[in-house]
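Engineer: Chains as they are written, first to last, in the numbering used here: chain A, 1 to 141; chain B, 1001 to 1108.
FYI, nobody ran anything at the bench for these hints, they're computed from the structure. There's no promise every hint is true.
[Unchecked claim] Under the rule of at most 20 Å between Cα atoms (straight-line distance), these lysine to aspartate or glutamate pairs were calculated in the DMTMM-like manner:
| # | chain 1 | residue 1 | chain 2 | residue 2 |
| --- | --- | --- | --- | --- |
| 1 | A | LYS28 | A | ASP64 |
| 2 | A | LYS29 | B | ASP1063 |
| 3 | A | LYS116 | A | GLU84 |
| 4 | A | LYS29 | A | ASP70 |
| 5 | B | LYS1086 | B | ASP1019 |
| 6 | B | LYS1103 | B | GLU1013 |
| 7 | B | LYS1086 | A | GLU25 |
| 8 | B | LYS1086 | B | GLU1023 |
| 9 | A | LYS6 | A | ASP70 |
| 10 | B | LYS1086 | A | GLU21 |
| 11 | A | LYS28 | B | ASP1019 |
| 12 | A | LYS28 | A | ASP70 |
| 13 | B | LYS1086 | B | ASP1063 |
| 14 | A | LYS6 | A | GLU121 |
| 15 | A | LYS28 | B | ASP1063 |
[As the list claims (entries may be wrong)] Residues from chain B that face chain A, not an exhaustive set, calculated with beta carbons under 10 Å:
| # | residue |
| --- | --- |
| 16 | ASP1031 |
| 17 | LEU1032 |
| 18 | LEU1033 |
| 19 | GLY1038 |
| 20 | GLN1041 |
| 21 | MET1050 |
| 22 | ALA1053 |
| 23 | ASN1054 |
| 24 | ILE1055 |
| 25 | VAL1056 |
| 26 | ALA1057 |
| 27 | LEU1061 |
| 28 | ALA1062 |
Ideal placement from N, C-alpha and C gives every residue a C-beta, glycine not left out.
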Amino acid sequence: MDEALKFHFVIDGDNFTSAGEASVEVKKKLRQLGFPPDVIRRVSIAMYEGEINMVIHARGGVADVLVYPDRIVIILEDHGPGIEDIDLAMQEGYSTAPDSVRALGFGAGMGLPNMKRYTEEMHIESTLGVGTTITMVVNVQ
Amino acid sequence: MTVAEMACALNLEEIAAGDTQREVTGGYAGDLLSWVMGRAQAGDAWVTIMSNANIVAVATLADTAAVILAEGVTLEPEVAELARTKGINVYSSAQDTFTLCAKIAALL
Ligand SMILES: Nc1ncnc2c1ncn2[C@@H]1O[C@H](COP(=O)(O)OP(=O)(O)O)[C@@H](O)[C@H]1O
Ligand SMILES: [Mg+2]
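Pulled out of the complex, with its shape left as it was, chain B reads as follows (with noise of 0.2 Å):
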C-alpha cells in the first residue's frame, strides 16, 4: 500500500507531502522521540501526537514513510512548510492513536 493509498483509505487531512507514492511497510506509534528513533523502521507509518519540529528530524532520520497525528493534532504553519522543504508526508487525522493503529495493521 503506498502513502497516498494508505491517506485515502483513511480518510486523512494532508498537511505536507512529499514522495506519496512510497510503500508503506509497518507501522509505529510513539511520543517519546528517543523510543521513535531507535525502534521505528524505514518505511513504518508514524503515529504520534507530537507536532513540534523535531518530529521532522526525526521523521527523516527513521525514514519513516508518513507521520499521521493523530486526535486532531496539526502542525503550525511554520513546521509543516519545514515538513514540506524536506519532502516529509504528514497527515491529521482526528481519530485516536489506537483507532489509527488498528486500521493501519488492518491495511498492511
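Bound conformation, chain A alone (with noise of 0.2 Å):
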C-alpha cells in the first residue's frame, strides 16, 4: 500500500558514549516530518530502551525505522546472546546487567516494559546463542 519512509541505522556495541544516537536521529526526523508530540515521545522511549539493551546486553546490532502515515514500525536486530526467559525479562525489575552499567545509571530493568507500555505492538524473537530481533509498532492517532 502506502511506501513507507525508511531509516536505517548501525548501533556501535563498544560505544557507550554514542549510544542513544540513532534515536535522537529518529526524534529529529519525526519532528521535521510534523509527527504529534505524543508520537514521537512513545517511539524515542521505545527505541531508545531497544538501543541501549543493544549496546548493553547484545553487542550492538542494527535498528531500521519504517515511517507510514498511520504507523510507525522499529525492528531493532542484534546477535548477542539471546534472551533466555522473556516471560521473565519482560518483568518489572528484571536485570542481568553488571554493576559497571548500573553506575551509569542503567539496568534499572525497566527497559523492555517501557517497549511495551508505550507502543502498540511488541513482538520478541529471540534463539539462545543466535541473537534477538525486536519489532514494535507505535500507532499514530
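Join the two chains into one complex using the hints; note that each chain is given alone, in its own frame.
Structural biologist: Structure, rendered in C-alpha cells:
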C-alpha cells in the first residue's frame, strides 16, 4: 500500500557514549515530518530502550525504522546472546546488567516494560546464542 | 518561569547552555535513566547526580527544559561539550536533590 520512509542505523556495541544517537536522529526526523509530540515521545522512549539494550546486552546491532502516515514500525536486530526467558525479562525490575552498567544509570529492568507500555504492538523473537529481533509498532492517532 | 530565571533564582552554575529562554513547566528527579525516559515530561527541570554522556541523549529524548546536577556534581569537559553541541541546558548546584526540588516546586 502506502510507501514507507525508511531509516537504517548501525548501533555500535562498544560505544556507550554514542548510545542513543539513532533514537535522537529518529526523533529529529519525526519532528521535521510533523508527527504529534505524543507519537514522537513514545517512539523515542521505545527505540532508546531497545538501542541501549543492544549496546548493554548484545554487543550492538542494527535498527530499522519504517515511517508510514498512520504508524511507525521499529525493528531492532542483534546477534547477541539471546534472551533465555522472555516472560522473566519482561518483568519490571528484572535485569542482568552488570554493576559497571548500573553505575551509569542503566539496568533498572524497566527497558522492555517501557517498550511494551509505550507501543501498540511489540514482538520479541529470540534464540539463545543466535540473537534477538524486536519489532514494535506505534500507531499515529 | 524560564530556564534562565530558574538558574538565577537557584543560583545555579552554568555548565552548558542552549535555549535558556525556554519555559520550565515541571520537574522530575531521578538517576535511573529508564525511569527518567519513561516518566519525565517535556519542559521539566530534571534533577540528577548522573554525569555520564548518556544524560545528554536522555535529556534530548525526554525533551527536558534543563538538567540540574545536584550535590556539586559537574560534567567532564567532553560531556559538557556534547551537551553544548546538542543545545542542552545543564547546570550544577552544591545543594542536594531534595533541597533543589523543594525550591523548584516553590518557584513553579
Ligand atoms: N537485546 C537483548 N539481548 C539479550 N538480552 C537482552 C536484550 N534485551 C534485554 N535483554 C535481557 O532482558 C533483561 C531485561 O531488559 P530491560 O527490561 O531492558 O532491563 P535492563 O536493560 O535494565 O537490564 C536484561 O537485563 C537482559 O537480561
Ligand atoms: Mg534495558
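Engineer: Against each hint, give a clear statement of whether it holds in the structure.
Structural biologist: Hint check:
With a CA separation close to 15 Å, the supplied pair LYS28 of chain A and ASP64 of chain A stays within the 20 Å bound. A threshold of 20 Å between alpha carbons decides the hint, and for LYS29 of chain A with ASP1063 of chain B the separation of about 15 Å falls inside it, so the pair holds. Straight-line distance between C-alpha atoms of LYS116 of chain A and GLU84 of chain A comes to about 18 Å, which keeps the hinted pair within the 20 Å bound. Of the pairs offered as hints, the one joining LYS29 of chain A and ASP70 of chain A holds, with about 16 Å between alpha carbons and a cut-off of 20 Å not exceeded.
At most 20 Å may separate the alpha-carbon atoms for a hinted pair to count; LYS1086 of chain B and ASP1019 of chain B meet this at roughly 11 Å. Restraint check for LYS1103 of chain B and GLU1013 of chain B: satisfied, since their Cα atoms lie roughly 16 Å apart, inside the 20 Å limit. The hinted pair formed by LYS1086 of chain B and GLU25 of chain A meets the criterion: a straight-line CA distance of about 12 Å does not exceed 20 Å. Distance restraint check for LYS1086 of chain B and GLU1023 of chain B: the Cα-Cα separation of roughly 18 Å lies within the 20 Å cut-off, and the hinted pair is therefore satisfied.
With a C-alpha separation of about 14 Å, the suggested pair LYS6 of chain A and ASP70 of chain A falls inside the 20 Å cut-off, and the hint holds. Taken as a hint, the LYS1086 of chain B and GLU21 of chain A pair is honoured in the structure, with Cα atoms around 11 Å apart against an allowance of 20 Å. Proximity of LYS28 of chain A to ASP1019 of chain B is assessed by CA-CA distance (about 17 Å); at most 20 Å being required, the pair is judged to hold. Of the pairs offered as hints, the one joining LYS28 of chain A and ASP70 of chain A holds, with about 18 Å between alpha carbons and a cut-off of 20 Å not exceeded.
Taking the CA atoms of LYS1086 of chain B and ASP1063 of chain B, the gap is about 12 Å. The hint holds against a cut of 20 Å. Using a Cα cut-off of 20 Å, the hinted pair LYS6 of chain A and GLU121 of chain A holds, with the two alpha carbons roughly 19 Å apart. Distance restraint check for LYS28 of chain A and ASP1063 of chain B: the Cα-Cα separation of roughly 11 Å lies within the 20 Å cut-off, and the hinted pair is therefore satisfied. Evaluation of the ASP1031 of chain B hint against chain A yields a held restraint, the C-beta minimum of about 6 Å falling below 10 Å.
The criterion of a C-beta within 10 Å of any C-beta in chain A is met by LEU1032 of chain B, whose closest approach is roughly 4 Å, and the hint holds. For LEU1033 of chain B, the suggested interface contact is upheld, since its CB lies about 4 Å from the closest CB of chain A, less than 10 Å. Using the Cβ-Cβ criterion of 10 Å, the hint placing GLY1038 of chain B at the interface with chain A is satisfied: the shortest such distance is roughly 5 Å. Checking GLN1041 of chain B against chain A: minimum C-beta separation of about 9 Å stays under 10 Å; hint holds.
With its C-beta approaching chain A no nearer than about 5 Å, MET1050 of chain B sits inside the 10 Å limit, and its interface hint holds. For ALA1053 of chain B, the suggested interface contact is upheld, since its CB lies about 4 Å from the closest CB of chain A, less than 10 Å. For ASN1054 of chain B, the interface hint holds, since its Cβ comes within 10 Å of a Cβ in chain A; the closest pair sits about 6 Å apart. Interface restraint check for ILE1055 of chain B: the shortest CB-CB distance to chain A comes to about 8 Å, inside 10 Å, so the restraint holds.
About 8 Å separates the beta-carbon of VAL1056 of chain B from the nearest beta-carbon of chain A, less than 10 Å, and the hint is met. Taken as an interface hint, ALA1057 of chain B checks out: its beta carbon lies about 3 Å from the nearest beta carbon of chain A, inside 10 Å. Because the beta carbon of LEU1061 of chain B sits about 4 Å from the nearest beta carbon in chain A, less than 10 Å, this interface hint is met. Hint on ALA1062 of chain B holds. Least Cβ distance to chain A is approximately 8 Å, under the 10 Å limit.
Consistency note: the structure conflicts with none of the earlier hints.
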